[in-house]
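Participant: Fit chain B to the given chain A structure using the hints.
2 protein chains.
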Amino acid sequence: MASLTGPEIERLIDLLAKLPGLGPRSARRAVLHLIKKKEALLVPLARAIADAAEKAAVCSVCGNVDTRDPCSVCADERRDPSTICVIEEVGDLWALERSGAHKGYYHVLGGTLSALDGIGPDELSIGKLIERAREARVTEVILAMNATVDGQATAHYIVEQLEGSGVSVFRLAHGVPVGGELDYLDDGTLSAAMRAKRPV
Amino acid sequence: MASLTGPEIERLIDLLAKLPGLGPRSARRAVLHLIKKKEALLVPLARAIADAAEKAAVCSVCGNVDTRDPCSVCADERRDPSTICVIEEVGDLWALERSGAHKGYYHVLGGTLSALDGIGPDELSIGKLIERAREARVTEVILAMNATVDGQATAHYIVEQLEGSGVSVFRLAHGVPVGGELDYLDDGTLSAAMRAKRPV
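Protein sequence lines correspond, in order, to chains A and B. Start counting the first sequence at 3; every next residue gets the next number (the numbering used here). Start counting the second sequence at 3; every next residue gets the next number (the numbering used here).
Simulated from the structure, these hints should not be mistaken for lab results. Note that the structure is a prediction, hence the values are computed from the model and not measured. Each hint can be trusted.
Remember, identical chains collapse to one label, so a pair may be satisfied in a single copy or spanning two.
Here are the simulated DSS-like pairs of lysine-lysine, each with C-alpha atoms no more than 27 Å apart in a straight line:
no.: 1; residue 1: Lys20; residue 2: Lys57
no.: 2; residue 1: Lys130; residue 2: Lys39
no.: 3; residue 1: Lys20; residue 2: Lys40
no.: 4; residue 1: Lys57; residue 2: Lys130
no.: 5; residue 1: Lys38; residue 2: Lys130
no.: 6; residue 1: Lys40; residue 2: Lys130
no.: 7; residue 1: Lys105; residue 2: Lys38
no.: 8; residue 1: Lys20; residue 2: Lys39
no.: 9; residue 1: Lys130; residue 2: Lys105
no.: 10; residue 1: Lys105; residue 2: Lys199
no.: 11; residue 1: Lys38; residue 2: Lys20
The following block holds chain A by itself, in its conformation from the complex (with noise of 0.2 Å):
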């Protein structure tokens, strides 16, 4: 088939299908919605891009994606030094920042341990956290990661490396998620949400 377009316009939605959530389809819809408001998005969405290009850094304490290193959440003296909350991706570290639930810092992973992927413990950040915990004022550290085979593994080998430094491990509870409905949810978190019930 012929493009259908010119090549820079081709190459844009190639570019933005490779986005996560985006496919060939919704790219070409983005693309097209992006022409129609010029002034109003696209030319606004090359500057942000190029911005972000320029400025956008990993934080090298805890691994957030920020604008300044160290990230904003590392730079703000108020929060609690006693406690890291360890994630998988910056994603979750967003996700729970979010969710105001927790007030000490983060730790990235970049991901979890897979033997099917090659992934060992040299390719997560977990040396650096091992040396975090190790800072007198660090007490507690909670590990966040998901609930899932790969997540549990890598917990599983951090609470080893962390055994004999002192801090108090924790994960986060499983149960019912607030809002779900018990006929849609799997028999594991069933039981998991039995096991730990709670007095009321």
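Facilitator: Structure of chain B alone, referenced to chain A:
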């Protein structure tokens, strides 16, 4: 809530969230993916978007979006000059072009008539269509608007405007979509398919 990340990154998330098919959550995920693949994705995307912003143009003949004017479809002299296919949006033109079903030229209306949204004939590219339809070489106009109330009202209006111009006017066939299951089709489609039944 305090900002999770730098203002340049927040701004990029806000802009991406305005694209059709993306919301705030998927825009955040897309931006993290972009920053993770900075050299492979973010930097090329910055260049592609700047190129598109500079070069994208609306074809002055048919309304297609391309990096040249007249667009590559209008400039293609191997096409059948006797037929113009009328569509609502550029995305419809691209969809028909991908199907390879139309060998003539196109005309993008830029939407449909809509009393509710205050869109009358002057807001659409209808006058220019009538003009093109009066050219001696044009003998056939195919109305390929969406099978919606607004689309069909617009088609009806164009049929009236084309009266006396000497061109034959067609519309797309209604019927069972290829691969479609009867049980899932609405009554209107089934009735249309039955009325238009064909000998095998």
